[in-house]
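A.B. asks: Those sequence lines, one after another, are chains A and B.
1 is the number of the first residue of the first sequence in the numbering used here; add one for each residue after it.
470 is the number of the first residue of the second sequence in the numbering used here; add one for each residue after it.
Bear in mind the hints are in silico, worked out from the structure with no lab data behind them.
Honestly, I wouldn't trust all of these hints.
Claimed, not checked - Capping the alpha-carbon separation at 27 angstroms, the derived lysine-lysine pairs in DSS-like fashion look like this:
{"hint": "1", "chain 1": "B", "residue 1": "K575", "chain 2": "A", "residue 2": "K374"}
{"hint": "2", "chain 1": "A", "residue 1": "K374", "chain 2": "A", "residue 2": "K361"}
{"hint": "3", "chain 1": "A", "residue 1": "K361", "chain 2": "B", "residue 2": "K539"}
{"hint": "4", "chain 1": "A", "residue 1": "K361", "chain 2": "A", "residue 2": "K243"}
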Amino acid sequence: MPSTYVPHAAGYVDNDGPKIVTSRFSHEDSFTLERSLATGGYEGLRAALGMRPADVHAEVRDATLLGRGGAGFPAGVKWGFCPEGVWPRYLVVNGDESEPGTYKDRLLMERDPHQLIEGCLIACYALGLSQCFLYVRGEMALAQERVATALNEAYAAGYVGRSVLGSAFSVDVTLHWGAGAYIVGEETALIESLEGNRGMPRIKPPYFPAAIGLYGKPTIVNNVETLANVPWILRHGSGAYRKYGSEASPGTRLFTVSGHVERPGVYEVEHGITTFRDLIYGEAYCRGIRDGKQLKMFIPGGGSAPWFFEEHLDLPLEARDVGQAGSMLGSGAIIVMDETTDAVRACHRMVRFFARESCGKCSPCREGTGWAEKILLRILDGHGRPADIDLLLDVGDNISPGPYPVASFAAENLEAVPFPPLQTTICPLGPSAVAPIVSTIRRFRHEFEARITRSDTIPVVAADPRAGS
Amino acid sequence: MSYFDPANERTAREVIDRYPRPRSAVIPLLHLAQEQEGWVTPAAMAEIAEMTGTTAAEVLGTGSFYEMFKFHPVGRYLVGVCTNVSCQLLGGEELLHHAEGSLGVKAGGTSDDGLFTVEDVECVAACSEAPCFTVNHRYFHRADIDTLDEVVADLRAGRSPLPRGGAGDDGDLPAHGTLARVRQHIPDDRRAGIVPPEQVDGAPAWLLDDEAE
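In isolation and in its complexed conformation, chain A is listed as follows (with noise of 0.2 angstroms):
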């Protein structure tokens, strides 16, 4: 084996706090069902099988577990909108975890697939689901495959399909794989998608697909790593659970920190008490920034975030502090980025993302996404306007209208706009391009500007945005 290869699997960093999604990940064998079942697997399915659903259901409801996929919302809360007596009821994971910055899921399918159908079974139960759902990122085909064997296995030893254990309780679970397009997280997108259509999001309301879902029936749609808490919930009871994190936000949660720091990594920390510094900084966990740098600015919850700077270290990882800081917690992703960062071309890059994955729906975003990126990369290739800089923030407005989420600044004396901006779109994916955009230019006008004024001066040869800065 070359020097230069990494172990696939790398990415999950150990550390001394609790351990509640990632308990397995240090066996080399954790996907394994013999491994699972040594190690406590599929016993919070028979502690649910033990009770009544709608007790199940309290449990979950009673741990407060807030959804892991980006917005955040109690999964019991969620659970409990389904409509009487409308049947059948289905349930849809989220596995299409595409959002820059994120990979914790893929981790839990890979390393724990086991977990994941547990929790899976956990929630068909408790809710009267009649059939699963396992939706995985086309991309990622270990995690495909280790879903599958895992799925197979447990066919086999009698935890999934026809008479479970040998209870009342019967159900399919269906391994599903999509084919590369972002919008598909977003849950009425996924439902599309898993009908046989473009995956384009649907219009709202009704604004959950526990109403209206998958071929027009009740419909739970949860990301992994959310289920992939249920069987610990279940084992331990909801009373355990919310001993770790904070009141509003229990449990642990996964986030992935990329870019320049020490020690990149996935690391299993305890919601809502730990903050940003902690996580960047700590010697537990990243390590500061790489090369005794400075920190020049972070997005704290994947690229639809806005963006956090040095003054907001000391925030708490809780949806709801950071969302009243002016940006989100989302799916856990933090970009730390360090002083030799040229922000106008970090901007170009995540709008271009944006850009690239409008499913074209809404005219905003499907126009305004695609205008910015063009506009962002005229003024990286030095051939920007003066008017530039507004016409970004005009685009903006018409994605998002109206004050746009941002941090709060001390050294200038503005205040934050809380999270989460206005809407001219369906779907929150168009708001998400202006993130960047609004962000970079409050804090970093300058940079913008320095480029443009470049511009009178080498008008003929556009600079490469791909050459190394």
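We have chain A; now place chain B onto it with these hints.
C.D. replies: The following block gives chain B in isolation, referenced to the frame of chain A:
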């Protein structure tokens, strides 16, 4: 005469049987077609339409939305270099330039020998292991231009470059189109019963038992 070879046709039927409605199988069957031939041919789309009760236009309509489906031949190895921000910060764009230069193509193009197609891809979900590239959706972490050169040389020489050991991928690197090398299989005697939604009336048995108590 079916488009799918006999083994794939059996697989296709089994896939359709896992959904309450056949149309839901369109995306999995497009993957199966791509696995068979490396890209999605018009004949494949006609066949999928036939099997799922849709039209070839609907199959193309769905398929063309998704990045992974190729409607023209591509290389045996799809080299996807991530240039999204986490990778960009650590040299993803330089890596893409090197791949383009060394293979003699621009992103989206296929090398003259038909072996390699290079793509400038969005976040592949390995952000802490940046910069990262994939070959047929198998990961190469913390890569530099030497890693890329070694992988290309291995593939040209017919060797599998997949990292061995640990908890990761191993074995041979399959040709473009093959994703998971393990398929889900629901044994008939274990199947709970998958039926169209309109054939379901009333709450499932275990809820009724609960209410009766």
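A.B. asks: Work down the list of hints and note, for each, if the structure agrees.
C.D. replies: Hints, verified against the model:
1. B:K575 <-> A:K374: holds, 20 angstroms
2. A:K374 <-> A:K361: Cα-Cα ~20 angstroms, so holds.
3. A:K361 <-> B:K539: holds, 22 angstroms
4. A:K361 <-> A:K243: violated, 44 angstroms
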